[in-house]
Amino acid sequence: MSSLEIAFNNMLSPAILFFILGVIAVSVKSDLEIPDSIGSVITLYILISIGLKGGVSVSKTGVQGLIIYALAAVIIGIVITTLVYVIVSKIGFDSSNAGSIAGHYGACSSVTLTSTLVFLQQTGANFEEFVPALYPFMDTAALITAIILGYTGLKKKSTETDKSEYAIKDILRISLTAKSTLMIFGGFLIGLISGVEGTKSLMPFYDNIFKGVFTVFMLDIGLLTGSRLYELKNVRPITFLLAIILPPIHATIAIILATFIGLSPGGATILAALASGASYITAPAVMRETFPDANPSLALAIALGIIFPFNIILGIPLYYHLAIMISQFIK
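For reference, each letter of the sequence shown is one residue, going 1 to 331 in the UniProt record's numbering.
Rather than coming from a laboratory, the hints here were simulated on the basis of the structure.
These numbers were taken from a predicted model, which means no experiment stands behind them.
Do not rely on the hints blindly, as some may be mistaken.
[As the list claims (entries may be wrong)] List of simulated lysine to any residue pairs, SDA-like, C-alpha gap at most 20 Å: (1) K90 with I78; (2) K90 with I249; (3) K29 with I42; (4) K29 with P237; (5) K211 with F18; (6) K90 with L241; (7) K211 with A70; (8) K211 with I16; (9) K90 with T239; (10) K200 with I78; (11) K60 with V216; (12) K60 with P237; (13) K200 with K90; (14) K29 with L224; (15) K200 with V216; (16) K211 with S194; (17) K60 with E129; (18) K60 with F18; (19) K211 with I42; (20) K60 with I238; (21) K211 with S57; (22) K90 with P237; (23) K60 with A70; (24) K211 with S201; (25) K200 with L189; (26) K211 with K29; (27) K211 with K90; (28) K60 with L113; (29) K211 with V74; (30) K90 with S201.
[What the hints assert, rightly or not] Computed spacing ranges between beta-carbons, pair by pair: (31) N126 with S30: 22 to 28 Å; (32) I244 with K200: 41 to 47 Å; (33) I38 with P317: 38 to 44 Å; (34) G65 with I38: 48 to 54 Å; (35) S30 with F260: 49 to 55 Å; (36) V86 with D207: 34 to 40 Å.
Cβ coordinates follow ideal geometry from the N, Cα and C atoms, glycine included.
All chains should be built: construct the whole structure from the sequences, respecting the hints.
Next up, the structure:
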């Protein structure tokens, strides 16, 4: 299957089509809506599921051998998110939107990851099987970093008399104990501690109906996005240009670090896919809960409309060849 076919199949997946349906529903002024209470339950389910699966995945390979690679994934998540936050803040976004966009850029795309694995298998490239398990480390690090940076920016912009809400110690407390962060990281730890056997009875619930629940979530996100799409007309072209330029930069950072710590070009490509793919699963859920004043259409439109198809069609093959070149240069 070619990269173009992979891109076509992914863009026609039910989740993305439900997202589009939500946008269309708003455009035609339909009375379709998902109650906030149901939306909150769905979001909670998704956060727990992703965290739990990540923990179980790491439990299979063992933590000891993953420490250096997990640390590298955390560093990449922090660096990328910080870089994006600084850049989008400089071009005029407020702290809430800058935090949201940075979180989307820094967090990982599971579909991009899956497509990368397919690409490597089809090309016959070797890669370390534990690298996909680094997903939750980079993803969580990016989301927490985005929350901290966003709240720090809000502190600086606050004109309220009582600014204790945005004190540094409170920023850390809010960031680390927020429902979204707590559920992802808490689920990850539970999955890691319980392992495959301990979570065996739970996984049918989190595996079998996940895709169905996720389509409803994407419908909800589509409705929310559609209601704010009009704001895209005020976005400067540089924002869309960054969506093409930044993913390869993020991938290069990941490839260089991955090669230095001993990963093969295939493994480095997977890490690059994690670094360059903008999330439309964890990030929308987390950023929606954390920065309610942010416009979700900005980050989602960039993630789904630009970064995702770019990575699937051009990015993944580019990152693999870049990983081979850097590996040869360093070694």
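Hints versus structure:
1. K90 with I78: Judged against 20 Å, a Cα distance of about 18 Å means the pair holds.
2. K90 with I249: holds, 18 Å
3. K29 with I42: Answer violated: K29 to I42 is near 24 Å, above 20 Å.
4. K29 with P237: violated, 28 Å
5. K211 with F18: holds, 12 Å
6. K90 with L241: holds, 15 Å
7. K211 with A70: violated, 27 Å
8. K211 with I16: Measuring from Cα to Cα gives roughly 11 Å; hence the hint holds.
9. K90 with T239: With Cα atoms ~11 Å apart, K90 and T239 stay inside 20 Å; holds.
10. K200 with I78: Judged against 20 Å, a Cα distance of about 33 Å means the pair is violated.
11. K60 with V216: Status violated; Cα separation ~30 Å.
12. K60 with P237: Given that 20 Å is the threshold and the Cα spacing comes to 45 Å, the pair is violated.
13. K200 with K90: violated, 47 Å
14. K29 with L224: holds, 13 Å
15. K200 with V216: violated, 25 Å
16. K211 with S194: Not OK: K211 and S194 at ~23 Å, beyond 20 Å, violated.
17. K60 with E129: Holds, at roughly 11 Å.
18. K60 with F18: violated, 33 Å
19. K211 with I42: With Cα atoms ~12 Å apart, K211 and I42 stay inside 20 Å; holds.
20. K60 with I238: violated, 43 Å
21. K211 with S57: Satisfied, since the Cα-Cα distance of roughly 18 Å is no more than 20 Å.
22. K90 with P237: Holds, at about 14 Å.
23. K60 with A70: Given pair K60, A70 holds - Cα atoms ~15 Å apart, limit 20 Å.
24. K211 with S201: Answer holds: K211 to S201 is near 18 Å, not above 20 Å.
25. K200 with L189: Since the Cα atoms of K200 and L189 sit roughly 16 Å apart, the hinted pair holds (cutoff 20 Å).
26. K211 with K29: violated, 27 Å
27. K211 with K90: Status violated; Cα separation ~38 Å.
28. K60 with L113: holds, 19 Å
29. K211 with V74: The given pair, whose Cα atoms are some 27 Å apart, is violated under the 20 Å limit.
30. K90 with S201: Violated - the C-alpha atoms of S201 and K90 are around 49 Å apart, more than 20 Å.
31. N126 with S30: 22 to 28 Å: For N126 and S30 the Cβ distance comes to about 50 Å; the hint is violated.
32. I244 with K200: 41 to 47 Å: holds, 43 Å
33. I38 with P317: 38 to 44 Å: At 41 Å between Cβs, range holds.
34. G65 with I38: 48 to 54 Å: The hinted range 48 to 54 Å is violated for G65 and I38, with Cβ atoms some 41 Å apart.
35. S30 with F260: 49 to 55 Å: holds, 52 Å
36. V86 with D207: 34 to 40 Å: Since the Cβ atoms of V86 and D207 sit about 38 Å apart, the hinted range of 34 to 40 Å holds.
Violation of the numbered hints given earlier is confined to hints 3, 4, 7, 10, 11, 12, 13, 15, 16, 18, 20, 26, 27, 29, 30, 31, 34; the remaining hints are satisfied by the structure.
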